[in-house]
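Given the structure of chain A, go ahead and fit chains B and C onto it with the hints provided.
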Amino acid sequence: MIVFDKPKCLKDAPMHYCPGCAHGLVHRIVAQAVDELDIQDKTIGVAPVGCAVFAYNYFDVDMVEASHGRAPAVATGVKRADPSRIVFAYQGDGDLASIGMTETVHTAARGENLTVIFINNAIYGMTGGQMAPTSLPGQITQTSPYGRDVNTVGYPVKVCELLATLEAPYYIERVAVNSVKNVRRAEKAIRKAFQNQIEGKGYSFVEVVAACPTNWKMKPVDANRWVEEQMIPYYPLGVFKDKDEQK
Amino acid sequence: MGKITFDSDLCKGCGLCVEACPKGLIFIDTGTLNQKGYHPAATAEDAPCIGCAFCAMMCPDCVIKVEK
Amino acid sequence: MATKKLMKGNEALAEAAIRSGCRFYFGYPITPQTELAEYMARYLPKAGGVFLQAESEIAAISMVYGTSAAGKRVMTSSSSPGISLKQEGISYLAGSNLPAVIVNVQRGGPGLGGIQPSQSDYWQATKGGGHGDYHLIVLAPSTVQEMADLTVLAFDLADKYRVQTMILADGTVGQMMEPVELPEPVQKEYDKPWALRGKGNGKSKFITSLSLSPEELEQWNINNFEKYRHIEETEQRAEEFLMDDAEICIVAFGISARVSRNAVIAAREKGIKAGLIRPITLYPFPKDILRRHTSHVSRFISVELNMGQMIEDIRLSTDCCRPVSLCNRTGGVIVTPEEVLAAIEGGK
Numbered sequence: 001m002i003v004f005d006k007p008k009c010l011k012d013a014p015m016h017y018c019p020g021c022a023h024g025l026v027h028r029i030v031a032q033a034v035d036e037l038d039i040q041d042k043t044i045g046v047a048p049v050g051c052a053v054f055a056y057n058y059f060d061v062d063m064v065e066a067s068h069g070r071a072p073a074v075a076t077g078v079k080r081a082d083p084s085r086i087v088f089a090y091q092g093d094g095d096l097a098s099i100g101m102t103e104t105v106h107t108a109a110r111g112e113n114l115t116v117i118f119i120n121n122a123i124y125g126m127t128g129g130q131m132a133p134t135s136l137p138g139q140i141t142q143t144s145p146y147g148r149d150v151n152t153v154g155y156p157v158k159v160c161e162l163l164a165t166l167e168a169p170y171y172i173e174r175v176a177v178n179s180v181k182n183v184r185r186a187e188k189a190i191r192k193a194f195q196n197q198i199e200g201k202g203y204s205f206v207e208v209v210a211a212c213p214t215n216w217k218m219k220p221v222d223a224n225r226w227v228e229e230q231m232i233p234y235y236p237l238g239v240f241k242d243k244d245e246q247k
Numbered sequence: 001m002g003k004i005t006f007d008s009d010l011c012k013g014c015g016l017c018v019e020a021c022p023k024g025l026i027f028i029d030t031g032t033l034n035q036k037g038y039h040p041a042a043t044a045e046d047a048p049c050i051g052c053a054f055c056a057m058m059c060p061d062c063v064i065k066v067e068k
Numbered sequence: 001m002a003t004k005k006l007m008k009g010n011e012a013l014a015e016a017a018i019r020s021g022c023r024f025y026f027g028y029p030i031t032p033q034t035e036l037a038e039y040m041a042r043y044l045p046k047a048g049g050v051f052l053q054a055e056s057e058i059a060a061i062s063m064v065y066g067t068s069a070a071g072k073r074v075m076t077s078s079s080s081p082g083i084s085l086k087q088e089g090i091s092y093l094a095g096s097n098l099p100a101v102i103v104n105v106q107r108g109g110p111g112l113g114g115i116q117p118s119q120s121d122y123w124q125a126t127k128g129g130g131h132g133d134y135h136l137i138v139l140a141p142s143t144v145q146e147m148a149d150l151t152v153l154a155f156d157l158a159d160k161y162r163v164q165t166m167i168l169a170d171g172t173v174g175q176m177m178e179p180v181e182l183p184e185p186v187q188k189e190y191d192k193p194w195a196l197r198g199k200g201n202g203k204s205k206f207i208t209s210l211s212l213s214p215e216e217l218e219q220w221n222i223n224n225f226e227k228y229r230h231i232e233e234t235e236q237r238a239e240e241f242l243m244d245d246a247e248i249c250i251v252a253f254g255i256s257a258r259v260s261r262n263a264v265i266a267a268r269e270k271g272i273k274a275g276l277i278r279p280i281t282l283y284p285f286p287k288d289i290l291r292r293h294t295s296h297v298s299r300f301i302s303v304e305l306n307m308g309q310m311i312e313d314i315r316l317s318t319d320c321c322r323p324v325s326l327c328n329r330t331g332g333v334i335v336t337p338e339e340v341l342a343a344i345e346g347g348k
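Residue numbers (my numbering), protein chains in the order written: chain A, 1 to 247; chain B, 1 to 68; chain C, 1 to 348.
Chain A with its partners taken away, still in its complex shape:
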């Protein structure tokens, strides 16, 4: 009996991500959710600008590549064009929380019936390790070589907390993928975020706290430890909003 195999919603193409990069893992979780919910035929994904720009090479669903930060707006256009389609946006922290913050907030504020998957690894990966809106205080990056100085560039943005202040979003949860236990929760959250859309419940957002071993200049196992010891204390995991629970 097969206990675990590659989801059919992932193509066979080898992923270009660095060793230990969480993108591949989150791709697998998203693909698995699409498989389990049997929506591969009607799912349309929106790829970001950033390391996941080639997501359309990996997901075996129809995909469209957005300009930097605009994935939620593009997803809105796709979803409004045909509300019977299941539409998700997959974005990193620079894309979603910096250049695309306007689109992020307003798509949530409209309560678009979409699924947004947000990879927060506290750094710009594709361009080679610059400071992200979610880089931790003191974190050394290529553009904060002396550590993120909160007195000059402010504090990291906690996106779940921010979006949870809005009335319209249906479901907002932060998960991590640095351990088996956390991966299990992430699988559940991402599946729920798609299930909500299928049921027409509205905007569902899952932030995944994730490792970028290459740009953090750490071994993958150490990077996952850093997620546990540094990231999660700043970005607490859990449900920030769930209208299912309010009923």
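There's no promise every hint is true.
Which bits of chain A does chain B cover? Going by a derived footprint, with three or more residues having C-beta under 8 Å, they are [what the hints assert, rightly or not]:
hint, region
1, 3 to 13
2, 16 to 26
3, 211 to 220
Label pairs and their computed distance ranges (CB to CB) [claimed, not checked]:
hint, chain 1, residue 1, chain 2, residue 2, range
4, A, D222, B, K23, 19 to 25 Å
5, B, M1, A, G154, 53 to 59 Å
6, A, V3, B, T32, 23 to 29 Å
7, A, N57, C, I222, 23 to 29 Å
8, C, K4, A, G154, 58 to 64 Å
9, A, E167, C, P45, 20 to 26 Å
10, A, P236, B, P48, 33 to 39 Å
11, B, L33, A, D222, 20 to 26 Å
To be clear, the hints were calculated from the coordinates, so they are not data collected in a lab.
All values derive from a computational prediction rather than experimental measurement.
Note that CB positions come from ideal geometry on N, CA and C, so glycine has one too.
Structure of chains B and C alone, referenced to chain A:
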């Protein structure tokens, strides 16, 4: 009794599966280089795998198939 | 006979879009195009369509991108500063060969500029606007009737060629009221096998403007420019007025053409052989039509509401074989028939 199979040529040798295995059955095979030039993860032929799939759940490249 | 209705230019355009099968509109308020968005807000839902006021022009054009990728007829509109914001999305639409109709009801610039009519986005509209190698088909209405008619054409050309069509209007034609005969609600159906509708039982598709291989991107651009060349050969449109024997040729589009027409009539009354070529397509520029008249035209006058932008295309089209002078006002000031007549008589 479980069985794990690696698609070794796609493995990037990140070692997350090594860390995840509760039985400590997986190792990075430093004696081998795969097509991509990485030392791939491996396990002994007769390793007493319990089929928990923790390794596969942590694998970023979907390299591991687990049977039970 | 179809009845005529008194309408504002912006409203006629909006109604024509709905009648052309456009069921999706994304926009952001800005003067002087706002009536267009308001009309869509009121009537598009009644036609079973979607009106959405976006959080910004950038978001609006990105929504257009998504809806177009899903294979639907879609439109956005704005005025000059807002069109600058849309350039990112327009370039991406071009880079993905996604059809769309973009309306620019121009106002004066640069910067926040003013809210009075202008034609100073000519370069932006015809020479690219956003980054990269591409063209928009640019249509220039000069009457409320044309605001409607060119909208029908804009959707058709966008789908036919998988390009982006810009309707380059100005505050005057947008705001003025005239009787208009609205087009019959018909639309040509175009097969869009590339549209994303979910993979169904087939192969998954993707739409992107990304191409990291230089050779691939070069070839993509070459292919697209073959398409543009075909458009240049087949889609030039202009109205000619008293051009058969004209010695002095005014070239003017939009509201400037209407002013110029009166000046040409006044010149003819004085015995001056003046004529008018009114480009309806600014890209492709109607260069063949201009060239056809160089044998009897001794000089051209470009009349435009900017510091002289289209004048360059007149010179290029005619290989500078005749002198071309400029008669212009800018900043929201509209050129008068007297000023154009003076330019005709001036012999500059």
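- Quick one: see if chain B covers the region 211 to 220 of chain A, three-plus residues with Cβ-Cβ under 8 Å. n = 3 at 8 Å, threshold three: holds.
- Message: Verify the CB-CB distance for M1/B and G154/A against the hinted window 53 to 59 Å.
- Response: Holds, since M1/B and G154/A (Cβ atoms, about 55 Å apart) stay within the stated range.
- Range hint compliance [Cβ, P236/A to P48/B, 33 to 39 Å]: About 38 Å separates the Cβ atoms of P236/A and P48/B, which means 33 to 39 Å holds.
- Starting from the range 19 to 25 Å, see whether the pair D222/A and K23/B falls in it by beta-carbon distance. Given range 19 to 25 Å: holds, Cβ gap about 22 Å.
- Taking a Cβ-Cβ distance under 8 Å as contact, does the region 3 to 13 of chain A have three or more residues in contact with chain B? Contact hint for the region 3 to 13 of chain A vs chain B: holds, 6 residues under 8 Å.
- Query: Quick one: are V3/A and T32/B within 23 to 29 Å, going by C-beta?
  - Reply: holds, 25 Å
- Item | I222/C and N57/A - C-beta distance against the hinted 23 to 29 Å | Given a distance of about 24 Å, which is inside 23 to 29 Å, the answer is holds.
- Per the hint of 20 to 26 Å, is the separation of the Cβ atoms of E167/A and P45/C within bounds? Distance hint for E167/A, P45/C holds at roughly 22 Å.
- Task: Check the following: the C-beta atoms of L33/B and D222/A are separated by a distance inside 20 to 26 Å.
- Result: Holds: the Cβ-Cβ distance is about 23 Å, inside 20 to 26 Å.
- Query: For the region 16 to 26 of chain A, do at least 3 residues have a Cβ located nearer than 8 Å to some Cβ of chain B?
  - Reply: Since 9 is at least three, the answer is holds.
- Range agreement (Cβ of G154/A with Cβ of K4/C, hint 58 to 64 Å): Taking Cβ atoms as reference, K4/C and G154/A lie about 59 Å apart, which means the hint holds.
Of the hints listed earlier, there is not a single one the structure fails to meet.
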